[in-house]
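Colleague: Positions in the sequence shown are counted from 1; adding 5 to them yields the numbering used here.
Careful, some of the hints might be misleading.
Result set (DSSO-like, lysine-lysine): computed pairs, CA atoms no more than 27 Å apart in a straight line [stated by the list, open to error]: (1) Lys23 to Lys242; (2) Lys247 to Lys29; (3) Lys29 to Lys242; (4) Lys244 to Lys23.
Label-pair distances were calculated between CB atoms; the ranges are [stated by the list, open to error]: (5) Ser124 to Ile241: 36 to 44 Å; (6) Val44 to Asn174: 43 to 51 Å; (7) Asn142 to Ile227: 55 to 63 Å; (8) Ser220 to Lys23: 33 to 41 Å; (9) Leu148 to Tyr173: 17 to 25 Å; (10) Thr193 to Ser131: 32 to 40 Å; (11) Asp155 to Lys29: 53 to 61 Å; (12) Ser124 to Ile84: 50 to 58 Å; (13) Ala77 to Gln200: 19 to 27 Å; (14) Leu192 to Leu107: 17 to 25 Å.
Everything labelled a hint here was simulated from the structure, so no lab data went into it. We put the CB at the ideal spot given by N, CA and C, even for glycine.
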Amino acid sequence: MTESLEPVQPANRVISRKALSIVKYLVLLVTGMCVVMEVIQVVLGASAGHLFGEFDLFIDDHFISLTQFLVATGIVTLILVLVGCVGIILENISIITVYIALFVTMVILETIVAIASYSMANRVDSMLRVNLNYAFNRYHGDLSVQRSVDHMQQRVECCGFKGYQDWYNWMMPETDDSPVPVSCFSLTHLQEPFQGGCFSLMNQLIGYVVNLMSSGTTIVIIFQVICIISAVVLVIKLKSFKKHRVAQTSSRTDAYNNDAFNLEPILEEKVRY
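Sequences and hints are given; from them, build the entire structure.
Modeller: See below:
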């Protein structure tokens, strides 16, 4: 009777607990990397949004909206991943399951962002060609456009559409002053205007930022998929471990009950008489 109350296969249970702990901390490590990636995504989206905001006259609204959506999804996903970390530490299957389901939804949304970024990268050229031509043609008649163009030429260190010679084509007929605006000159070197045209330099800058957004989002999505897979593996291991532990507890209870009612012959005789 005493032997039947001993734990069933204690060595196997210790190994299973150790294996589960290893899986748990590996998943926690991967999830921590996802936290870092989400922070990078938020910073990247915010930086791109700030840059597009500087040149909002030359950037279409959906480019700016894309950066805002990227930041919003990054913040929501960051909070979600932190909640997932809590569920992993507590080994709570319900929290981890909800975390996985919501995480899959966020990955789908960020995949849409990545696809939109790749699509917009091919439209930067045509967008800038239209918007820059519009701005330069309205430079002398609209003060707000003039400020935006001057800011762009100083910020990017460019002059004109293709070069500073373009300003001679846009020269006001009633003036004999140099048509090249002051914004085409460096504050430390006023003798010679910037040589590069604004179209080519802005095309490189905006194209680089959009490509960085699309490739960065793709890398983040890859890490997110790894996080989801690792969390699914942890849930499977947790369910298996808890099921095995419940089975062990049930077997001990059954063994104890059987021993309690299957008395030794001598005890049966004492009970009978």
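Colleague: Against this structure, judge whether each hint is valid.
Modeller: Evaluated hints:
no.: 1; hint: Lys23 to Lys242; result: holds (12 Å)
no.: 2; hint: Lys247 to Lys29; result: holds (14 Å)
no.: 3; hint: Lys29 to Lys242; result: holds (9 Å)
no.: 4; hint: Lys244 to Lys23; result: holds (15 Å)
no.: 5; hint: Ser124 to Ile241: 36 to 44 Å; result: holds (37 Å)
no.: 6; hint: Val44 to Asn174: 43 to 51 Å; result: holds (48 Å)
no.: 7; hint: Asn142 to Ile227: 55 to 63 Å; result: violated (45 Å)
no.: 8; hint: Ser220 to Lys23: 33 to 41 Å; result: holds (40 Å)
no.: 9; hint: Leu148 to Tyr173: 17 to 25 Å; result: holds (22 Å)
no.: 10; hint: Thr193 to Ser131: 32 to 40 Å; result: holds (35 Å)
no.: 11; hint: Asp155 to Lys29: 53 to 61 Å; result: holds (58 Å)
no.: 12; hint: Ser124 to Ile84: 50 to 58 Å; result: violated (28 Å)
no.: 13; hint: Ala77 to Gln200: 19 to 27 Å; result: violated (40 Å)
no.: 14; hint: Leu192 to Leu107: 17 to 25 Å; result: violated (51 Å)
Of the numbered hints listed earlier, those contradicted by the structure are 7, 12, 13, 14.
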